[in-house]
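Undergrad: Modelling step: build the complete structure from the supplied sequences, incorporating the hints.
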Amino acid sequence: MFSGRTNFGSTLLEAIFPNKCSHEFSWPRTTSDGGMHYQTCLICGVEYEYDWQRMKRVRRIDTAETISRPANRPRRQWTSRARRVKFITPVEYRVSESDTWHSGITQNISQSGLLFLGEQRLAIDTRVELKFEMPREVLGRDGRRVLAVGCVVRHQIEPQDSAFIAVNIWNYEIPDIESKVKTEAAGK
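Counting along the sequence shown from 1, when you hit position 125 you're at 165 in the working numbering, and nothing is skipped either side.
It is worth saying that the hints were derived from the structure and are not from the lab. This list has only true hints and no planted wrong ones.
No farther apart than 20 Å at their CA atoms in a straight line, the calculated lysine to aspartate or glutamate pairs in the EDC-like style are these:
(1) K126 with E177
(2) K171 with E213
(3) K171 with E159
(4) K96 with D182
(5) K126 with E173
(6) K96 with E173
(7) K126 with D182
(8) K171 with E137
(9) K171 with D182
(10) K171 with E132
(11) K96 with E177
(12) K171 with D139
(13) K126 with D91
Pairwise CB distance ranges, derived in the manner of DEER restraints:
(14) C81 with K171: 13 to 23 Å
(15) E132 with D165: 16 to 26 Å
(16) S62 with Q200: 40 to 50 Å
(17) T71 with P215: 26 to 36 Å
We put the beta carbon where it would ideally sit given N, CA and C, even for glycine.
TA: Put into structure tokens, the structure is as follows:
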């Protein structure tokens with residue numbers, strides 16, 4: 041008599057449909073030792089090593105491998121700048137928990153954050169929220185708007201009260217994917 045569940049069904053399905061997940065990837069993370077960048081699929085949880093130089097996922101990380109997660113470490117005195125990739129798209133931004141959104145145009149993106157030209161100047165160390173379309177090279181899919189949270193790390197004042205604003209991105213979410221995952225989890 042059969043009782044309980046086995047892994048046979050999921051293994052069989054994986055053999056028949058090896059790419060059943062459309063993969064929506066997180067912002068690339070760095071291991072705590074700084075030795076590797078990786079991305080995690082927000083849907084299925086699979087992890088891939090990420091190459092920032094080529095802006096591509098390199099290989100799937102075997103579940104037997106251990107990834108040393110980023111730790112809360114004190115800020116370093118000096119950090120080399122990450123490679124920038126030209127990235128022009130509209131961005132909306134605001135001081136965290138403010139009701140007023142401002143418009144801007146992104147200039148470039150890197151593993152550490154985003155540079156954009158904004159209509160409203162912001163002070164260094166200001167916590168901000170941003171809405172923009174993430175590049176295909178990062179998420180693996182076109183047309184994904186993200187809501188990001190970060191901190192202004194530098195700015196360059198421009199004429200007409202605008203400024204180039206560099207934001208270190210701490211975290212982000214893909215609102216339609218996040219709500220889909222929460223809805224599916226609640227239904228289980």
